[in-house]
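Engineer: Residue strings, one per chain:
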Amino acid sequence: MNGQNPKYDKALLNYQQKMADASVEDMVLNMGPQHPSTHGVLRLELITDGEIVKEVIPHIGYLHRCFEKHAESLTYQQTIPFTDRMDYLASMNNSHAFVMGVERMLGIDKDIPKRVEYIRVLVCELNRIGSHLIAIGTYGIDIGAFTPFLWCFRDREHIMGMLEWASGSRMLYNYIWVGGLFYDLPVGFEERCREFVDYFKPKMTELNQLLTDNQVFINRTANVGVLPLDVAINYGCSGPMLRGSGLKWDLRRIDNYSIYPELEFDIPAGKGEMGAVGDCWDRYKVRVDEIAQSLKMIEQCLDRLQKELKRTPDFDPRAKLPRKTIPKAQDYYVRCEGAKGELGFYFMADGKSEIPTRVKARAPSFNNLSVLPEIAKGVMIADLVAIVGSIDFVLGEVDR
Amino acid sequence: MSFEEIKILLTEKFGNEVIVGEETTGLQPALLIEPNYIKGVCLELRDNPKTYFDFLSCLTGVDYGIETRHFGVVYHLASIPYQTQLTLKISKENERDTGDLPTFPSITSVYLTADWHEREAFDLVGIFFEGHPDLRRILLPDDWEGYPLRKDYKTAEYYKGIKID
Numbered sequence: 000m001n002g003q004n005p006k007y008d009k010a011l012l013n014y015q016q017k018m019a020d021a022s023v024e025d026m027v028l029n030m031g032p033q034h035p036s037t038h039g040v041l042r043l044e045l046i047t048d049g050e051i052v053k054e055v056i057p058h059i060g061y062l063h064r065c066f067e068k069h070a071e072s073l074t075y076q077q078t079i080p081f082t083d084r085m086d087y088l089a090s091m092n093n094s095h096a097f098v099m100g101v102e103r104m105l106g107i108d109k110d111i112p113k114r115v116e117y118i119r120v121l122v123c124e125l126n127r128i129g130s131h132l133i134a135i136g137t138y139g140i141d142i143g144a145f146t147p148f149l150w151c152f153r154d155r156e157h158i159m160g161m162l163e164w165a166s167g168s169r170m171l172y173n174y175i176w177v178g179g180l181f182y183d184l185p186v187g188f189e190e191r192c193r194e195f196v197d198y199f200k201p202k203m204t205e206l207n208q209l210l211t212d213n214q215v216f217i218n219r220t221a222n223v224g225v226l227p228l229d230v231a232i233n234y235g236c237s238g239p240m241l242r243g244s245g246l247k248w249d250l251r252r253i254d255n256y257s258i259y260p261e262l263e264f265d266i267p268a269g270k271g272e273m274g275a276v277g278d279c280w281d282r283y284k285v286r287v288d289e290i291a292q293s294l295k296m297i298e299q300c301l302d303r304l305q306k307e308l309k310r311t312p313d314f315d316p317r318a319k320l321p322r323k324t325i326p327k328a329q330d331y332y333v334r335c336e337g338a339k340g341e342l343g344f345y346f347m348a349d350g351k352s353e354i355p356t357r358v359k360a361r362a363p364s365f366n367n368l369s370v371l372p373e374i375a376k377g378v379m380i381a382d383l384v385a386i387v388g389s390i391d392f393v394l395g396e397v398d399r
Numbered sequence: 000m001s002f003e004e005i006k007i008l009l010t011e012k013f014g015n016e017v018i019v020g021e022e023t024t025g026l027q028p029a030l031l032i033e034p035n036y037i038k039g040v041c042l043e044l045r046d047n048p049k050t051y052f053d054f055l056s057c058l059t060g061v062d063y064g065i066e067t068r069h070f071g072v073v074y075h076l077a078s079i080p081y082q083t084q085l086t087l088k089i090s091k092e093n094e095r096d097t098g099d100l101p102t103f104p105s106i107t108s109v110y111l112t113a114d115w116h117e118r119e120a121f122d123l124v125g126i127f128f129e130g131h132p133d134l135r136r137i138l139l140p141d142d143w144e145g146y147p148l149r150k151d152y153k154t155a156e157y158y159k160g161i162k163i164d
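Protein chains in written order, with numbering that gives the first Met the number 0: chain A, 0 to 399; chain B, 0 to 164.
Just so you know, the hints here were simulated from the structure itself, not pulled from any lab data.
Hints are supplied without guarantee of correctness; some may be wrong.
In silico PhoX-like pairs for lysine-lysine, Cα to Cα no more than 20 Å straight-line [said to hold, decoys possible]:
id	chain 1	residue 1	chain 2	residue 2
1	B	K150	A	K351
2	A	K109	A	K323
3	A	K247	A	K319
4	A	K376	A	K17
5	A	K113	A	K319
6	B	K153	A	K68
7	A	K323	A	K351
8	A	K247	A	K113
9	B	K150	A	K68
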């Protein structure tokens, strides 16, 4: 209750009245915050009529850690560990977006050594594979297939091990810094990475045979939770959600940031192979196809890193680190393609201090999740689980 | 469509008072819009075949500081067909009285992205959006007092009688 002005409490009272009415006429069912299929602490309030979901009301904020408030009292460099904790399944992508924005504001984004950029993209793509593997594995569990989960975690373990080797941490890396990197890649990393790619490619084929083409899985996901393209755009969905609805929109190609213009890759999009375009299966398939594209990018990065950008004894990834990170007084919105979609940071710098006056994080999962009440109207409760899983959100990012 | 062309398009459609200023010093130019026009401007930019800004990337509620007494909202629009971006800003003076929050028109009817983002701005910065269908707090509990992202916010010591450490 906000007290002073009744106008500000009207929506809350309306909501409470609506729930009171609904609990008389229909049944109100709470899903979460401790429900395993909500992938974290998300609470969904369902107004149900038998097995049919009439309305979904998501409640978020259980994992709110005041990222934006913290960012207003810390320097840019000190904020990077906080960005890691947003989408904790793809921490590298978060820091990459944040660092890119700060570098552009400082005007040093053109001076970053090529090797540093290639290492950044390499670890980002590795992390994207890890994130998609979790999405696929846990989606299998939601639907009732337990084996893919174990397979995905087994393969993700290799990625975690490699990133731990490079940064010293398994999930929250703080590896990408403004102007450079924490350390150069450890000796032998490139060879180990290539080994992983060779090991992982046939595993993806196996996973496809096990889950993607599984008739039970297709029956559970095809034609379920269809998200039309216009709705997706209007709700600000991005990443695999938007591409699943059939639009080839990938900021790595649109904005051509970092070294992505030098890499060759395709943008997978939903085609409606098993049902309508934009159903759960399409969203799932986009992630599977993206893993193959990421592998392609990793191989290209490794080629360059082992040949023309080979490590030299005097290479220092911290050489371009700015002494003082004081950008000119300006506002800047940076966006990049995170594992879940368009990840954006909006900075307001006053030109005097190393501390930004305002930072806003535009989290892809936040927008992707906001479409749930729209596409979950009138579905069965079991299908709701399939829809929630196909959105692939991370609550750390939704709540920030 | 370039930044200058968009300015001409908007003044032709809404008159001269719609644009109250512009910021072109930074890397991304921004248009300052008269708050009462923001909904019409967004609708026009979204539906005009020359602009097609159909994607609202980000909506930010901003407290411009205790001295300036200004509150504002920043919109980052993106056009998928033309692959362009545009920043719009609106702002208003306010005396920081919790009974009289800075009030702006809601653009939920144009972009549904704004639904949750406006709730977040209301929750954290204390900006009221006129015409929003369901303006409840989103990240903080319903009975939270104060708006944490305001510059004069004092950290709460107690929540429901429990000391916060």
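Engineer: If a hint holds in the structure, say so; if it does not, say that too.
Structural biologist: Hints and how they fare:
no., hint, in the structure
1, B:K150 / A:K351, "17 Å, holds"
2, A:K109 / A:K323, "18 Å, holds"
3, A:K247 / A:K319, "35 Å, violated"
4, A:K376 / A:K17, "17 Å, holds"
5, A:K113 / A:K319, "12 Å, holds"
6, B:K153 / A:K68, "12 Å, holds"
7, A:K323 / A:K351, "11 Å, holds"
8, A:K247 / A:K113, "28 Å, violated"
9, B:K150 / A:K68, "10 Å, holds"
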